[in-house]
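> From first to last, the protein sequence lines are chains A and B. Just so it is clear: in the first sequence, position 204 is 469 by our numbering, and no numbers are missing. Just so it is clear: in the second sequence, position 216 is 218 by our numbering, and no numbers are missing.
Hints were generated in silico from the structure; no laboratory data involved. Where a beta carbon is used, it is the ideal one built from N, C-alpha and C, also for glycine. Keep in mind that a hint or two might mislead.
Each pair of labels, with its calculated beta carbon distance range [to be verified]:
hint, chain 1, residue 1, chain 2, residue 2, range
1, A, A370, B, G220, 21 to 31 Å
2, A, E635, B, I257, 47 to 57 Å
3, A, Y380, B, W158, 23 to 33 Å
4, A, N405, B, R131, 45 to 55 Å
5, A, Y380, B, G220, 17 to 27 Å
Covered stretches of chain B, as calculated for chain A (at least 3 residues, CB under 8 Å) [to be verified]:
hint, segment
6, 218-226
7, 263-275
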Amino acid sequence: MNVLHRTSTKWLILVVLAGAAFALWPLVGRSVAPTLVNGLVVLFFAYAWNIVGGILGELALSSMLFWGIGSYAMVLSLNAGTGMVLPILGAAVVCAVLGAVIVRAAAALGLTGLYLAVFTLIIYEIAAASVTAIELIGRNEGIIIYELTSVDLAAYLLLGLVFIAIAVNLGILSSPMGRRWLSIKDDATAAQAVGVRVGRERMIAYAISGGLTAIGGGVQAYYLGYAQPETALGIDLLISGILAVFVGGAGTVAGPFIGTVVVFGLEAVAINLSTDIQTSLYAQILQYVVAFAIIWMLSARKGARRGVVGLIKRMLRRISGRSTDPTAAVEEVHVTRAEIAELAKPPAPPSDVPPAVEVIGVSKRFGGLEVLKDVTIAVRPGEIVGLMGPNGAGKTTVCNVITGVIQPDTGSVRVLGDDVTTIPTPLRYTRGVARSFQAARLFTSLTALDNVLVGGANRTRAREVLEEYGLAHVRATAGAQTFVRRLIEICRLVAADKPVLLLDEPLAGLTADQQALVLQSVERLAASGCAVLLIEHLIQSIAPVCHRLIVMADGAVIAEGLPAEVLAQEQVVDAYLGAPLEGAS
Amino acid sequence: MLAEIISGLSIGSVYVLLALGFTLTLGVGDMVNLAHGATVVAGMYVVYTLVTALGLNAYVGVVLAGVVCALLSAVVYVVAIVPSRSAGGGHNLQVVYTLVLSSLLVIIFQLVWGGQLVGLPFRQTEPWRILGVPVDPARGIAFFVAVALSAVFMVWLRYSFSGRLMRMTGRYTEGAYAIGVPVQWVFVAVFCLGGAMAGVAGGLLMTIQPVSPTLGFGFLIVALIVSIAARLSMFGVVLVGFFYGIAQAVLNSLIDPSLTSVVIFVAFLAILSIERVVSTTSNRARRA
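The whole structure should be built from the sequences, with the hints applied where relevant.
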């Protein structure tokens with residue numbers, strides 16, 4: 266089980282499979298070969314599509330455009346006598362760029378989810394409609410390759426391509442890139458806050474997927490000896506590919522393979538038994554119905570996106586008796602509570618130390634609502650500053666201004682002395698601003714370890730921190746309880762080792778014991794030199810650990826100073842409880 | 003030109019009806035039905051079969067097409083929408099499921115009716131004369147029926163108790179649930195009504211053009227473009243739907259028909275981006 270999880274094992278399996286496939290291919294009979302090649306086409310397409318549709322989790326339906334470009338480029342190039350390599354490389358480059366351009370355009374238009382799917386579908390339709398108007402590529406009839414092509418060479422090429430596509434998927438998923446893409450799929454906003462440059466990552470994913478798809482189209486055209494709208498731009502391949510990805514398990518390495526076998530296997534058997542057109546239609550119906558039934562059964566529970574692969578993993582875990590219950594972590598955390606007794610607050614840094622993070626004279630309006638009025642806040646390294654205030658005071662908005670989620674109308678934000686007011690969120694993270702969210706936002710497609718790693722820590726450090734917090738054995742994060750989620754998020758902050766930490770209500774929903782543990786780790790972070798801005802409205806809980814308190818009400822700072830002093834001030838009490846009525850006593 | 007505009011009006015009225023159905027499902031029910039185009043084609047085949055096999059009047063067939071397509075949509079709802087909702091996959095799963103169902107329907111059409119273009123038997127009729135232009139009565143009737151149904155639908159959705167109930171259930175699902183509205187059944191009703199409108203639109207189309215199994219994809223694109231360009235507003239759908247029909251008819255007479263859709267799609271994307279640019283720049287201007 267553990268061995269299977271190791272990346273080196275996966276590569277080994279892939280190499281062995283590839284070797285076996287190439288060795289066994291000559292044994293494939295002439296009658297079966299065409300069906301198998303069709304299967305390889307679907308398989309390749311599924312792997313190319315899995316990069317965007319599975320790992321990144323976006324329903325891009327423009328893939329057939331790239332397939333078509335590859336197909337027609339191959340035929341045109343062979344007929345012009347410029348060989349096979351040129352169209353493959355050329356189309357791959359063109360489609361990589363095109364893919365990046367398409368996703369960039371979609372991002373510029375602010376399209377996500379369904380609207381992204383429709384946008385890409387219409388781009389595909391534009392391609393499909395214009396093909397029939399272009400004389401050069403033979404309109405509806407398509408164009409044929411004049412010279413004789415080698416079916417065997419094409420089959421080997423396709424076989425090789427399939428393994429290249431699997432290798433690309435495996436490479437992505439076992440690298441930090443795959444982790445970042447999965448985090449975008451789960452929660453793009455939270456991904457940005459841990460330094461993932463969403464726009465760039467998406468463009469890379471679409472480019473890789475687009476380039477690969479074009480190569481597949483080219484080789485298919487070479488195999489067929491022609492390119493025509495039905496094969497080069499038909500929607501059937503797209504649907505089979507998507508279905509294979511979803512049945513097998515979106516965003517997994519084995520998923521598209523399992524999915525293709527299930528989806529295409531039945532059709533292949535039926536086609537081989539009979540050449541009748543009627544039979545092949547019935548076979549297609551059977552294929553869709555079976556695929557549908559599988560997705561249907563798997564989707565009875567949440568997280569069905571992992572398809573058959575997810576099901577197998579769950580079964581393996583059940584057989585091996587490994588607990589998947591993340592609540593198991595809590596008991597072990599309680600053991601470490603002995604340390605909490607000695608809450609050793611680090612001394613406040615001297616006042617001449619320059620602040621690590623500064624908000625200077627920031628104002629922000631949303632329409633007629635002034636949510637921040639000339640707010641100035643500074644936190645020095647090693648200092649814990651509590652930011653308090655009633656609901657709607659603007660605490661979280663301050664946090665969003667510091668991380669760059671919201672652009673202030675006036676004023677500036679400085680981190681370690683540099684003005685970062687116009688710098689986007691992911692780059693602020695790399696410059697040292699890390700945050701936690703009000704409701705812990707974990708990436709549920711990632712394991713606990715990957716959730717820590719995505720913040721930029723190295724593997725040893727991440728393991729160390731998880732161990733320290735008693736979470737070393739937690740794998741799955743989907744469905745973890747609040748405390749575990751919060752702790753994993755704190756582990757990410759600790760491991761990432763950023764100089765500025767913004768904690769947005771880290772105590773919400775926790776018991777007193779759990780709160781104490783969280784606060785203790787906050788103190789340890791400050792002792793190691795972090796500037797901590799702690800946003801809370803649980804005054805009693807945080808006052809003892811804070812060096813300073815800042816109180817906000819209606820978007821303005823109304824009090825600031827040592828905790829005891831601030832809490833005694835009349836306007837602070839008023840802000841929380843409401844001012845006493847005139848004449849009442 | 004006048005002839006093209008009139009023919010565009012009649013096809014546009016059918017587009018309005020089918021796009022209203024799609025907008026109802028997406029805008030009110032927040033459900034994506036990419037099998038909407040295939041449902042239109044199902045409506046066409048229902049009329050075709052009833053007329054050619056049973057000798058029924060085509061307009062009786064149109065009514066039955068609505069009924070059959072409502073039932074078909076109920077099946078789509080159970081097979082595609084219910085599981086995607088319970089899996090918490092949102093729109094993405096619905097897109098995949100209904101896209102697959104759409105292909106499945108195409109294959110079934112091929113099995114039952116063959117892959118060829120088929121049409122209703124030709125009938126010699128005296129053309130209507132509108133502004134001196136001869137108009138096929140079937141087109142005229144299709145126009146009036148589609149416009150009347152669209153108007154009734156919009157008034158009903160806006161003012162009737164059941165129409166308001168649908169809109170409120172779509173917008174405040176949990177609130178509706180809390181006050182005892184049978185939420186699940188309302189969504190089924192929304193989905194089936196959307197399907198019925200597609201079926202009626204298909205039935206009307208059958209009286210003016212032949213059908214083949216793969217036409218559905220084009221109708222789906224029409225529904226998507228019209229309802230998204232109209233930002234899911236019912237009045238917007240009426241305007242954009244007619245505009246789409248007229249633009250298509252006029253362009254077809256001016257340029258290579260296979261380029262018509264390219265021009266319309268590109269125009270749609272251009273409108274989307276211009277709209278986006280205008281809204282972001284005006285936001286920026288307001289901030290400055």
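> Decide, hint by hint, whether the structure agrees.
Evaluated hints:
no., hint, verdict
1, A:A370 <-> B:G220: 21 to 31 Å, "holds (24 Å)"
2, A:E635 <-> B:I257: 47 to 57 Å, "holds (54 Å)"
3, A:Y380 <-> B:W158: 23 to 33 Å, "holds (28 Å)"
4, A:N405 <-> B:R131: 45 to 55 Å, "violated (37 Å)"
5, A:Y380 <-> B:G220: 17 to 27 Å, "holds (20 Å)"
6, 218-226, "holds (count 3)"
7, 263-275, "holds (count 8)"
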